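**Student:** With the hints as a guide, dock the two chains, each given alone in a separate frame, to form the complex.
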Amino acid sequence: MKRVLAHVGLTAGALIMLYPLLWMISASLRKNTDIFEHPGLIPEHPTLGNYALGWTSTGTSFGVYMLNSLIICAAVVIGNLLTCSLTAYAFARMTFVGRKTLFGLMLATLMLPAHVTLIAQYSIFRKLDWIDTFWPMIVPSFLATDAFFVFLMVQFIRSIPVELDDAARIDGCGYWGIYRRIILPLLSPALVTTAIFSFIWTWNNFFSQLIYLSTRTKLTVPVALRGFLDATGSSEWGALFAMSVVTLVPVVAVFVIFQRRILAGMAHTGLK
Amino acid sequence: MIARLRQSIPAYLFLLPWLIGIIGLTIGPMLLSLYYSFTDYALLNTPEWQGLHNYTALFHDSRYLQSLKVTFIYVGVSVPLEMAFALAVAVLLNRGLKGLAVYRALYYVPSLLGGSVAIALLWQQIFGSDGLLNDVLGLFGIHGRGWISEPGTALWTLIVLRVWQFGAPMVIFLAGLRQIPDEVLEAAEVDGAGRWQRFWRVTLPLLSPVVFFNLVLQIIGAFQAFTPAFVISGGKGGPSDSTLFYTLYLYQQAFGNFKMGYAAAMAWVLLLIVAVFTGLNFVLGRAWVFYGDEGVRR
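Sequence order for the protein chains is B and L. For the first sequence, the working numbering begins at 1 and goes up steadily by one. For the second sequence, the working numbering begins at 1001 and goes up steadily by one.
Okay, chain L solo, but in the shape it has when bound (with noise of 0.2 angstroms):
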């Protein structure tokens, strides 16, 4: 053992700057955070012991709870719409057309640009009262509303920038089409199934495994969603609290009321949201994702 042991410390020194990392920036902030949140903390005062307080109190928090449903309407509306988009383009683009690389680089851009404040700012304008949408739709005789400033619509216009970002799945959909071997298709053709028949019976299922590494991916990024939220909205999730995601309502909790212990609670049933997400995903994905050294199924 003791052998063992002073072979590995070469290892441990190429290790070394991760080792610092995972315990002073990943491990101990979380053991330190999941402290916090058993306590009353405003980061000027040492931290005061209260139990589960915070956790109980943020069921009771009406912000709170609306801030759960923002977050499921988004990911559960977005993720889904990306993924449809991401995939029918993908196809579209798999079929051996001229220009490939030119469509994949375009429909790439948004992915690239879509995360920024500039973009943010952009849709600001957009979805305007005075805004480009309802110029266009004034070109066909319809009178458009102020989409951002109503909170019946302001969450459907950060979904519609979400979706608006499909290319980066797009990208990884278009690898894993390639992968396809052209003679199992056309096997499929010889023995008379049609293109629908050929997407879901062959194309789908070798396509899986990539369509749930999509999925797990942006799922978890969909959850922790902040800046396009913050910038429309000026930070304040309005109108109506209709765009208060759960992180930015954390973040007004972190870092406008000082209420650290509150948010850092606030990050951990986040952590267990997604941890149960990604679990579930895992778990069904045993029934649907299809992995070719399993040898074939029915």
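Isolated chain B (complex conformation) (with noise of 0.2 angstroms):
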């Protein structure tokens, strides 16, 4: 019986907690004059005109913001597998003057606001002529700038045996010959979190794309979406809601196929 009241009880709750987004894809089937009349689900004359609509309504396409994001997502993945790994290798396997320090250092900037150094990163980039680029949302993650993935990296390495490092040296592999054919194959799962994490901050991100980029094909999705309202005005919110839909489509498929992993990268994080 207690059994039962629980699965009540949490389904209710997270019908609560679903709803709002059920809704949203609801509203954006319907028409305009519909949107507002009940706050049931089921759309009484179903459309999908609303993306049409919306697709376009900015002037650029939806799929050149799509792109653009994409294509800033690609890139900082590449970046963080790429040197986070790297420099994590180094703090967990190499012995070198000042490790204690520079990982001290390190773990620090994990609790940094980014906007102790949001001013001057703008007027360096500024300066460097990347105002309007890709260049500020991707250049950082080339220098492993995200303390989170080098400590989640660490900690992973940690727990490889060090036996394996051995055995490959005995055979004649230098650091570099260890952290290509034994660490990084063995850090895959720590690989794989990074990249969905990386994927979905990145996506999720509209601060930085915010300040840095105001050429309109040049917008990314989160920025172009809140440019919509000001583009068509309140009275599409129909659009409005599709165009939101559609933003979100990569980040819950992303979930959907990576379940497991994001949950258990999610867990991993809070136990070391």
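Errors might be hidden in some of the hints.
[Said to hold, decoys possible] Some chain B residues near chain L, calculated using beta-carbon distances under 10 angstroms:
{"no.": "1", "residue": "7"}
{"no.": "2", "residue": "9"}
{"no.": "3", "residue": "37"}
{"no.": "4", "residue": "82"}
{"no.": "5", "residue": "83"}
{"no.": "6", "residue": "87"}
{"no.": "7", "residue": "89"}
{"no.": "8", "residue": "91"}
{"no.": "9", "residue": "112"}
{"no.": "10", "residue": "155"}
{"no.": "11", "residue": "164"}
{"no.": "12", "residue": "167"}
{"no.": "13", "residue": "170"}
{"no.": "14", "residue": "173"}
Just so you know, these hints were derived from the structure itself, not from any lab. Please read these numbers as outputs of a predicted model, since none were measured by experiment. The beta carbon of each residue, even a glycine, is placed where N, CA and C say it ideally should be.
**Tutor:** In structure tokens:
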């Protein structure tokens, strides 16, 4: 009996949590005049018209924004995988002068509010003539600036037996060989976690894209979506929700495909 | 020493990207922004030294003080609520119910999407005067209001948005709960401890490192919240500055008024606030965070 009650409670809770999302999908399928009629989920005259309208109504095809976001996300994923794993390998497996100090420094950046570097970074990128380009979003990821992923990988590498390194060394591998042939393959669960979170966080990242991008054809999905209201006026709620749904689809798709990895990755971060 | 330095060369080669990053994108910009914070700098001019002027001006700036107030209310209310929900649902889910994976996934979805612009726009509709919430309240005969357009309630809609995302800390709690051996709880039960006693005396102390971790992370994150307030208020922090988050005011000063020096000073005060809170957490944490390897406390 108690179990049944628990299930009922948990299901009701989940429904309340997800109701706004379901309602948004439903609203995106309704005519504007029907959206505010009732709070129910089933559209009376379902239509895909909002999607067609929204796709083009900012003057630039939404496909352009999606492509821009994808380019930035792909670059960030590659950058993080490459440089965070190099950094993590050095911290986890190599001995060098200043190791403790530098590791402490890396951990400290985990807690550093981004705003402390924001103003100066902006003026540096401006001097480099990088404003209104993708570089301010991409370049930091190639310099291992996301300490979270470095930390994640350090923890993971520490759980790989050192004997494997020793064996590889006897077989003639140097540090690079060990990194390439032993660590990287065994690190793949952490690499997948890094790739997924890099993608989702970059896709959703609004702030950098807002301050660095201004030409309409260079805008990314979040910035374009936020400009949508200005472009169409608030009368186009249906189209707005249709495009909102479109921007959430890649994140939801990644979640559905990698659900176990994402939840396990989240859990892992809290435990060590 | 020379030999040790020479031995360090391969490691530094591996660390090269990170070293360039930490110097060029973290430490360098930190020092630069510290310098800016003592200057009048509008991006196009050369920074002009002003001493402590920006910092003293902050505390005579009523909008700045308002942004502090809004942010403290936001952090102070949303983080405890979010943690409480996360812990409660995690404990419920941890009782060996069937379908755990499905529930866990469903409750996590809002955390995944919650920071996006799409959800902020959705929130704008839900809490608008013609919005979903008032429709639902209408079913019960309650006449709602413009939750987002009234200064008294606007901030609370943003707090609801954050609490809605309790799934992320919940997943971490669940993993922590799984680490607690059944034998310990069974032993407590044999000793006659009831459900509540077992929770307060056994589960919670054993879970306290995870609670601590979540708390530190959520507080740091909440202080930096930006997107929902920016999108919902159209970048203004309104109505009547009731949603003027700290970071939103910083953005307005830096990229609206081009008062880069002023914004840099704000950023340093924010760093100080976050550091104090994190430090406080660590100090207070010593009293209540229990690590298994310390041996059993009374």
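**Student:** Next step is simple, just say for each hint if it's right about the structure.
**Tutor:** Hint check results:
no.: 1; hint: 7; in the structure: holds (7 angstroms)
no.: 2; hint: 9; in the structure: holds (7 angstroms)
no.: 3; hint: 37; in the structure: holds (9 angstroms)
no.: 4; hint: 82; in the structure: holds (8 angstroms)
no.: 5; hint: 83; in the structure: holds (4 angstroms)
no.: 6; hint: 87; in the structure: holds (4 angstroms)
no.: 7; hint: 89; in the structure: holds (6 angstroms)
no.: 8; hint: 91; in the structure: holds (8 angstroms)
no.: 9; hint: 112; in the structure: holds (7 angstroms)
no.: 10; hint: 155; in the structure: violated (13 angstroms)
no.: 11; hint: 164; in the structure: violated (18 angstroms)
no.: 12; hint: 167; in the structure: violated (19 angstroms)
no.: 13; hint: 170; in the structure: violated (18 angstroms)
no.: 14; hint: 173; in the structure: violated (13 angstroms)
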